[in-house]
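*Asks:* What follows is the residue order along each chain.
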Amino acid sequence: MTPVERRTTSGSPVRRKYWSSLRRMLTGSALLSLREEQFFLVLSVIIGSIAGLAVVLFRVAITAVRWLLLGTGLRPGAPRVFIAPALAGLLIAVLIGKFFPRVRGSGVNQTKGALYIYDGYVGSRTTIGKFLTSALAIGSGQSLGPEDPSLQVGAGIASLIGRRLRLSRERLRLIAPVGAAAGLAAAFNAPITAVLFVIEEVIGRWTAGILGAVVLSAISSTVVERWFLGQEPLFRVPEYHLEHPGELIAYAALGVLGGVASVFFVKFIALLRPWLRRLPPWTQYLQPGVAGLLIGLIGIRFPQVMGAGYSSIDQAMNARFGWEILGILAGLKILTTGISFTSGTPGGLFAPTLFIGAMLGGAVGGLEQSFFPQLSIPVGAYALIGMGTLFAGILRAPMTSIIMILEVSGNYSIILPVIVSNTIAYLISRSFQRVPIFDLLSRQDGLDLPSLEEEREVAILRVENALCPFAEQVLDGNGTLFHARHVVQGAKGDFFLVKLPGGRWAGVSRQTLLELEPEGSESLGSRLHMFIPALYPDQPLETALRHISDWPFLPVVHRADPAMLIGIISVQDAINAYRNAGVEEPEDRLPPN
Amino acid sequence: MLCGEPLTPAGRCANCEAAVSLRRHKLGLPVLVLIIIAGFSFTRMVVDWFNHRQDELASAWYQKGVAALNSHRPGQAVEDFETALVYAKQDDDEYRVRLADALLAAGRPNEARSRLLSLLEEHPTDSVVNLELARIAAGKGELRDAIRYYRGAIDGIWSPGRTPAVERLNARFELLEVLAANHQNDAAEAELATLLPELPPSADAHTRLGQIYFKLGDARRALAEFQHARQLDRNFAAAYAGTGAVALQAGDYPAAKRYLMEAVRLDDQNANSKDLLTRTEQLLAADPFSPGVNAAERARRTVAAYEAAVKRLDECVRSRAKAAAGGQPHTPSPEMQADEDKLAQLQSWAEQLRRYSTEGHLKGHGDVVENMMRFVFATEDAAGRLCGAPNGMDELLTTIGRHRWGTRK
Chain A
0 MTPVERRTTS GSPVRRKYWS SLRRMLTGSA LLSLREEQFF LVLSVIIGSI
50 AGLAVVLFRV AITAVRWLLL GTGLRPGAPR VFIAPALAGL LIAVLIGKFF
100 PRVRGSGVNQ TKGALYIYDG YVGSRTTIGK FLTSALAIGS GQSLGPEDPS
150 LQVGAGIASL IGRRLRLSRE RLRLIAPVGA AAGLAAAFNA PITAVLFVIE
200 EVIGRWTAGI LGAVVLSAIS STVVERWFLG QEPLFRVPEY HLEHPGELIA
250 YAALGVLGGV ASVFFVKFIA LLRPWLRRLP PWTQYLQPGV AGLLIGLIGI
300 RFPQVMGAGY SSIDQAMNAR FGWEILGILA GLKILTTGIS FTSGTPGGLF
350 APTLFIGAML GGAVGGLEQS FFPQLSIPVG AYALIGMGTL FAGILRAPMT
400 SIIMILEVSG NYSIILPVIV SNTIAYLISR SFQRVPIFDL LSRQDGLDLP
450 SLEEEREVAI LRVENALCPF AEQVLDGNGT LFHARHVVQG AKGDFFLVKL
500 PGGRWAGVSR QTLLELEPEG SESLGSRLHM FIPALYPDQP LETALRHISD
550 WPFLPVVHRA DPAMLIGIIS VQDAINAYRN AGVEEPEDRL PPN
Chain B
0 MLCGEPLTPA GRCANCEAAV SLRRHKLGLP VLVLIIIAGF SFTRMVVDWF
50 NHRQDELASA WYQKGVAALN SHRPGQAVED FETALVYAKQ DDDEYRVRLA
100 DALLAAGRPN EARSRLLSLL EEHPTDSVVN LELARIAAGK GELRDAIRYY
150 RGAIDGIWSP GRTPAVERLN ARFELLEVLA ANHQNDAAEA ELATLLPELP
200 PSADAHTRLG QIYFKLGDAR RALAEFQHAR QLDRNFAAAY AGTGAVALQA
250 GDYPAAKRYL MEAVRLDDQN ANSKDLLTRT EQLLAADPFS PGVNAAERAR
300 RTVAAYEAAV KRLDECVRSR AKAAAGGQPH TPSPEMQADE DKLAQLQSWA
350 EQLRRYSTEG HLKGHGDVVE NMMRFVFATE DAAGRLCGAP NGMDELLTTI
400 GRHRWGTRK
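Heads up: the sequence lines are chains A and B, in that order. Under numbering that gives the first Met the number 0, residues 0 to 592 are what the first sequence spells out, in order. Under numbering that gives the first Met the number 0, residues 0 to 408 are what the second sequence spells out, in order.
Don't read these hints as lab results, they were simulated from the structure. In this text, a Cβ means the ideal position worked out from N, Cα and C, and glycines have one as well.
Computed from the model, here is a short list of chain A residues facing chain B with C-beta under 7 Å: (1) 48; (2) 59; (3) 71; (4) 318.
Simulated DEER-style distance windows between Cβ atoms: (5) B:62 / A:430: 52 to 62 Å; (6) B:124 / A:273: 52 to 62 Å; (7) A:116 / B:124: 55 to 65 Å; (8) A:78 / B:120: 33 to 43 Å; (9) A:243 / B:141: 18 to 28 Å; (10) B:120 / A:98: 39 to 49 Å; (11) B:165 / A:70: 38 to 48 Å; (12) A:259 / B:324: 54 to 64 Å; (13) B:181 / A:243: 25 to 35 Å; (14) B:120 / A:243: 19 to 29 Å; (15) A:259 / B:270: 54 to 64 Å; (16) B:181 / A:248: 34 to 44 Å.
The following block holds chain A by itself, in its conformation from the complex:
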């Protein structure tokens, strides 16, 4: 290279920086210089990609099993329908009993358990078992969905990667939800819904530290899924516009019906599951098979209730069925999903919930069209909103339920009906079934996991709840030390607040005040170098506890005028406030015996 060329390539500082960055990237040294937070974000993209691949294969596997066992038609022949779910159920029971004992259930509460109890550990055997048994179950026609297992498979992949990379316990805990979001996003083809669901149901709280990683993984898995399986939505959503506010009454009715159906569905599972578990252990080998047999019997007449049922949801949205059939399908899906799920067959509740909602919504829509043809709302709109309604009622993830419908439909004008219907269903469900389904399942399994819904119920205590009046006189920071001593002599307390210029506060004990040497006309404030933090009455009480450590009490001041003392708060005041407030413990939250 000539000197001229050398000057050309490495002449300006910008170019030097560019070439240096490129060289570092190519040699991998850029990767090594990443901070842990940045590395975690890179890792979340990798996890998302791998989880996306796994979900693509999972979906292919489900379909392949269906082709193999039930054939390729929408209406499989009666012998296949009768035999396939039962035989597959028996095989699943053997696989669970002999090889994959932890794959029962949906996967959501298992992932949550992994997060809170096992430091994010999801075993590889469980991940593989979930993949295989769920594909077999759903493909053979058991009335379950692929989303929740995908969530657990994603969490399992993330956990495996985290363990192989020997991440810290803190990171290991965080990485499972990252994988869970990726799995769900790819399965449902809806990244925003997946992120919200994982935050509402798995993580249980909004934490900024993990949000970025969860979003990145969800997006990357969705990209992978779409790259392989295309951009096609799960169902074709009909055009809809809210023409008249009066239509909201119909959606409110749907909300009421959806709420009642949700309560019925959850109660059905809540009662049947423990009863089946109390049966002799050998029956565990038969339960999935018997469930398959019952579903097969129903499926001969109503094959729509078999499997995840997305094609039937699509048909319901396009007014394929009359309202009577839709109502029957909703009822049968509650029955079949309850049977499949409580039998211990691995599979999710996400898709069945949407199915029940779509059918119920369609039935309400069809009924409304029969009696009020002038409203002319398309049945598909009811089916769509019904999905969100049941999601809010059964899974009790209200934010997710609203965003899901917006994301799936891509139609913002549907938001009002969705909010009305979902809120009503959610409130009814909460009133008659206090514990959300996933928390209920966890508790039936002997796990007590935190619940975002219950956390929302706990009243937040604030500084004002522990506020006490300050009986002593406040010392003036501009006054002299002599004057302050004079004031203190007539006071009872040992610690005094000093008001400083600019709304700042300091504290001084009686002893310190007496030990200070008077120096001419110097003010008291100029002799004090330790400022005391002031609180506002609306701040959470725990904020006070964080700051109170070095002081016997803290001043509570007005937000608009920091120089105005409202009262004081001490550790004892805070404890008293917590004691007085008490915490109502729901019956279902008591530790299992």
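Given the structure of chain A, go ahead and fit chain B onto it with the hints provided.
*Replies:* Relative to chain A, chain B alone:
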């Protein structure tokens, strides 16, 4: 170690280890990238097989659906097309349109419309979808929607494999037929003004135009178009059928018979032409005033017409009396009273004519025949208004009467 420090599963300080392991686990990234590459390759292979299989299934079910639709099994066709759609991942618009066709054929227009509307949302300028929706709207009598969708079809984009000019012309004709059927003559005239410059010089196009004019009640222009079509193609059956229909409507039964016979000769599969010819022959056989009918035959036909009219009148009077006896007693309205008076007058007229109602009395008495046939047509007209639509011989006599003397009004 301090209280609250996170522990590794082995019980060691995690934060201390994390700093050390960060560099180590970053080294694992290339391995992960390799896993991703391998995973992508494997998944691509599996998905390629899967997509190929899905394409095969989609095509197979679609073909089954087409076969079912062609063999008039729309219910089966719907199921087959729906199955095909489950497997069709891309470019399935044709499948969806065919599904809508099957749904329509199965008498499920609401489902068809719902399917098509979702398709229209994706492809608002798709002419085929607009046309299907227009047909559904027209079938449901929703004229405004029908016109809107027809316009969408005419101005839209036709999918490859179709000839836009031909399809557009057909859509225009369909729109005109809908407008004519709904008596929207002004709108139809406006549409015709757009159509005429684009009309190709074919017998088919001119025949269709003639049929539109005929439906709009413009027999003169209809006849001109049919004649033009016949000039363009001497063997175009539909043009003869159209001419025959115009002649029939004008009451020129011999001409109608001549053209319709030619139409049936050229296309003996056309049921409409055959029906029209049969009807024309019936009218010719019943009409006493047909050219070439001798006096004896005219008398015979007149007697037969008289007897049919008297029978119809008696039945009408009886049914009205029965209805009046079954209802609440009340004072008849002036209109009802006028109807009763009219029927009474007709009965009286029938009595006056009764003594002439033999072939012997009528033969050679054209004025009596004329008078008797006036009675017949007046009776059929009144009975048609007061006692329901006529059938059989009564219907033929009503038609002959209208052709000869015009409608009552």
